[in-house]
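Asks: Residue numbers (full-length UniProt numbering), protein chains in the order written: chain F, 1 to 688; chain G, 1 to 688.
Keep in mind that the hints are not guaranteed to be accurate.
[To be verified] Think about it this way: if two alpha-carbon atoms lie no more than 27 angstroms apart in a straight line, the pair counts; the simulated DSSO-like pairs of lysine-lysine are:
(1) F/K305 / G/K75
(2) G/K75 / F/K45
(3) F/K394 / G/K44
(4) F/K394 / G/K305
(5) F/K305 / G/K44
[Unchecked claim] Over the 12 angstroms line for every Cβ pair with chain G, so calculated as not near, a few chain F residues:
(6) F79
(7) V203
(8) L211
(9) G228
(10) M303
(11) M351
(12) T355
(13) L399
(14) L451
(15) S461
(16) R520
(17) A575
Quick caveat, the hints were computed from the structure, so don't treat them as lab data.
Yeah, the Cβ is synthetic: ideal placement off N, Cα and C, and Gly gets one too.
There are 2 protein chains.
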Amino acid sequence: MGSRWKNSGNCCASGMLSLCVLVSLSICLSRAEDSAMENIVTEKKAEESHRQDSADLLIFIMLLTLTILTIWLFKHRRFRFLHETGLAMIYGLLVGVVLRYGIHVPRDMNNITLSCHVNASPATLLVNVSGKFYEYTLKGEISGKEIDDVQDNEMLRKVTFDPEVFFNILLPPIIFHAGYSLKRRHFFRNMGSILAYAFLGTVISCFIIGLLMYGCVTLMKQIGQLGGDFFFTDCLFFGAIVSATDPVTVLAIFNELQVDVDLYALLFGESVLNDAVAVVLSSSIVAYQPQGDNTHTFEAMAMVKSFGVFLGVFSGSFALGMATGVMTALVTKFTKLRDFSLLETALFFLMSWSTFLLAEACGFTGVVAVLFCGITQAHYTYNNLSPESQDRTKQLFELLNFLAENFIFSYMGLTLFTFQNHVFNPIFIIGAFLATFLGRAANIYPLSFLLNLGRRNKISSNFQHMMMFAGLRGAMTFALSIRDTATYARRMMFSTTLLVVFFTVWVCGGGTTQMLSCQRIRVGVDPDQEHSIGPDGIERRSTKHESAWLFRIWYNFDHNYMKPFLTHSGPPLTATLPACCGALARCLTSPQAYENEEQLRDDDSDLILNDGDISLTYGDITVSTDASGAHTSSRPSVVAANSDELDRELALGEHELVIRGTRLVLPMDDSEPPLPGDVLHRRSGALS
Amino acid sequence: MGSRWKNSGNCCASGMLSLCVLVSLSICLSRAEDSAMENIVTEKKAEESHRQDSADLLIFIMLLTLTILTIWLFKHRRFRFLHETGLAMIYGLLVGVVLRYGIHVPRDMNNITLSCHVNASPATLLVNVSGKFYEYTLKGEISGKEIDDVQDNEMLRKVTFDPEVFFNILLPPIIFHAGYSLKRRHFFRNMGSILAYAFLGTVISCFIIGLLMYGCVTLMKQIGQLGGDFFFTDCLFFGAIVSATDPVTVLAIFNELQVDVDLYALLFGESVLNDAVAVVLSSSIVAYQPQGDNTHTFEAMAMVKSFGVFLGVFSGSFALGMATGVMTALVTKFTKLRDFSLLETALFFLMSWSTFLLAEACGFTGVVAVLFCGITQAHYTYNNLSPESQDRTKQLFELLNFLAENFIFSYMGLTLFTFQNHVFNPIFIIGAFLATFLGRAANIYPLSFLLNLGRRNKISSNFQHMMMFAGLRGAMTFALSIRDTATYARRMMFSTTLLVVFFTVWVCGGGTTQMLSCQRIRVGVDPDQEHSIGPDGIERRSTKHESAWLFRIWYNFDHNYMKPFLTHSGPPLTATLPACCGALARCLTSPQAYENEEQLRDDDSDLILNDGDISLTYGDITVSTDASGAHTSSRPSVVAANSDELDRELALGEHELVIRGTRLVLPMDDSEPPLPGDVLHRRSGALS
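Given the sequences, and given the hints that come with them, work out the whole structure.
Replies: This is the structure:
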């Protein structure tokens, strides 16, 4: 941090040596009344400004209120063609039109241009006005054009937010909620595919789109349609930001119609992670700074450095997010905060928020950190909370997510008219639409093919088409594009991104239901009885996990060490840790862990039974079913103890066997079509 | 709005004519790299600044987290001597010490002073840096001294918030929650007294303190201890801000120990309203601007104008708050939003927030508006919400209140060390403590005496002593004092206010339990069976309301018109409105109103039974008790139908008679000590 200041200091010093004349024309306004009047004038200006700010925010609140009422109306009438986000955008558009063409607030002509010599723009400026000092803070750079034009619409400037508002205030709740509400069961089952789509897929998409756009931009340059610089790095940047999908509309419909859980998991998991990847990828691309004169040529070192930035920022954010989640879990485990729901909820909220601030303070990416914090909180901390706190935290973040999301989408609509530096270029726009489409295709289809080589439960082609169709763009893409609109290239990208978002949300979002029926994707699937129709039409249970070995490793680690460490679940650490750590294990194990031999059951409990689970469960009752649905009971007393049997149990998929016989969901063997007498036999075989 | 600009324009124009030389020394930095380097330097500065801001906010989050954990520890061990707010202050102090003496961040020496000629400080400044334009916004005025001193602690400046943060972000949730959680039953019962204390009492306190402080300040001037101007208006301002009580600590203890509900109601109601009064009073005092040279002489017109400002702002804010509350009630009544708890909660939140913004945009006081909005929402809208939404909204505002309050109190502690312009003057401080004490006494005792002339349920002297003792100062006083610390007088007031708050919160707050036992105030009172011990030691039911006639008018209006209009309760408007409004009445009456002849019962239902209530209630079962506690049943069939009997029923106080016989609380006649055989007889007599 110090060296950066030194560098700028060197530059400034050399300039200063040659330029060190402070011009002091200070005119005395001798009359005291003038000075008092000035005070009043300044105070009144501040007051006016405050009133104006309140009025602006009020516009947004009214927009949101209107959106809520309309959403209710739509839900009431089961109108599924326009989801909340699409609706919010429409209302934003309408208000934008009104503000742009309906209202004119003349610009304050008292804004004075000082052409004073400074050789760098300091963060704070002290201006001497006849003996009084006023402090000014740097808001940002504005282009010469903006000043020269007769800017007579102050209103538009006022309703324009600082883009950092999105990253600091609006996106974190949305991303945290996405992590906190991840349906972990299905997520982990499809973990390999999700990671592939999110990482590899986003990078592929970024480069494909970047290359295609570069072609487009080169073409535009040839025919003289390009109004400014547009480098390859800009194209890559566009590729990165437009690769972040946000299928919130589609997922809402999936949820409502109860579409296949694997499809839901793939889409949701991919969108959540690819937001994180897109943010860091775009930062890495921006960080690409080769030495030498031309900052836009290819240089291997700079590329390696960018890649390093990507890795560093991503893992740093990931680590911070997990660390805070772990800390919250420990605090809620070892204190009796559960007795005070308000305190517990407040603590949870503060610690989650602190993740964001900590990541930002350390130079990482806050939104990525809160994502992983959310996932960690959902996986560990949630189990430690009291039932009231569980509800409260869920509801709190659900509300924040709802408000932030609709706010962003309203703002998107508004900004089509209030942003004063749009650059709409038909060729670029068409090129962008094509590139986005092809980029998505290059992401989904090849990867699905590769993944299907390893998956038992193939991702069918209609799923692939659906995923292709459901690649909506939304909040993250918008926020990334609006973050910096200084250059011509960035402005063109921003304007085009807006159109891409509008199109995908309205058209693709609105056409989801049709697409579902067109692709013959089943709806009304009970997530607890997951019989998926394979490509051969035979019903089989959703089965073994993709990267079974990877998942097994993770599962064992999580089950035997992490969960007992961070929650009250068993098996107790005293059993799983080596003897040398006995004292530590006793210290860290909570009393309940000794009782909870099986893992705590929560809404999205892990889907694998282990030995302990099997023994306890089978210690109570086993109910098997044959293909005709008849139930038989047996009380086997042998426990599956070796890994083959464990494998077979795992292969049997999820068991929702809950102690005390409240509900039993029956496993069916998935390796071959079930035959009438087989199941019972196989089960007995498994347990002998 | 336009005229204000014109006025300043005139002043500026005359100045401008004589001063219109724009100094343009623009030095070209010809090398492109420098320009690019400048961009990077600017970007890096912005990034650094952002990281610093995140780190600062993180400090506060950590403070709050620590506070929460300690609060839990205290609750766990039932440690009542230090309440959360006092604790938050202590932690703030500790961090303040560390920041002040432990950490040194040298001030950025690149801050440049421009002595450029402007004759007024514009809101926005455009600075020309070798061809690039940078926009600066006015942050505020700083004194010459601050610049001259070697300000080497940048850290302290960074953790200092813009005072408007308190009024715009932190206070609204606190005040709204106070209004929303007002125990209306007890509030309305003591409404007259509460209004007296809040309005008259605050004004009395303000003037007494103002006068005493003026004496103190004059004395200081005589002995040469006064370092700057301190006018009478400043003294009055101090009186106003220090009259705002905030007995949050005391009330928490009252709640926990279940102290007498009337005492609770008086204290809570007074504190909630006198915050509102203090805000508007202080604004009116600041608005006192006589014409002529000396702005601090007495001028009747200016005084009348100030009074007008007080009335105008208060009623305007009141009206706005109520209007938004009414609108929310109507929306929740006439839509089926109850089916969607998230939507309903979001709407509720947005509309409550919009109250604040609307009031601020119209030039009224946002916090006063949200107070009355909260009360209205609790009285009407709450009844329309679904049970889930009722819980959600309560919990949401409870959480926001908790976080905001502890934040403010932490900041108070911090600011003792981080504020760089303290003015501690022992004489002023001692004077302030004395004046505050005497001001409170002048508020409580005379008013109680006068009120007791009219009240049946006298405010006993031990109650008065308790109220005297419980006059803690807190968030509102602090926020009002920190709002403007430009002048010497304001700084001295701020520093002194801090000490007053510290003292009252720690000493008075900590001594509450002792004071309660010292004053022999009963604890463990079941709010449903309210037998208060009168001064003569005889147990009597809490009785007729203070301004019975005032209350009766309000009650009838509310019961017959407002509640049926805004909620689903009966009697239906078609019955109560005149025939000419039949169509309107039918339109506004909801179907449930025809069924709900009695008022909806909610947690804090109104305490008056009306004819309808009595008939239904007594239609089921009546259980009476005699002094020995024996229960007898009877089924009277005559309904009290005339106003005398209604009076007597009212005199019988609260009836917690719930339909369906789930719980019956028995009224006892309060006009004389209960005699064994009397009660049953009297009851029958009342109903015959």
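Asks: Give a verdict on every hint.
Replies: Hint by hint, here is what the structure shows:
no. : hint            : in the structure
1   : F/K305 / G/K75  : violated (52 angstroms)
2   : G/K75 / F/K45   : violated (48 angstroms)
3   : F/K394 / G/K44  : violated (37 angstroms)
4   : F/K394 / G/K305 : violated (51 angstroms)
5   : F/K305 / G/K44  : holds (18 angstroms)
6   : F79             : holds (14 angstroms)
7   : V203            : holds (25 angstroms)
8   : L211            : holds (26 angstroms)
9   : G228            : holds (16 angstroms)
10  : M303            : holds (19 angstroms)
11  : M351            : violated (6 angstroms)
12  : T355            : violated (10 angstroms)
13  : L399            : violated (6 angstroms)
14  : L451            : holds (35 angstroms)
15  : S461            : holds (36 angstroms)
16  : R520            : holds (31 angstroms)
17  : A575            : holds (30 angstroms)
Consistency with the previously given hints fails for numbers 1, 2, 3, 4, 11, 12 and 13, ordered from lowest to highest.
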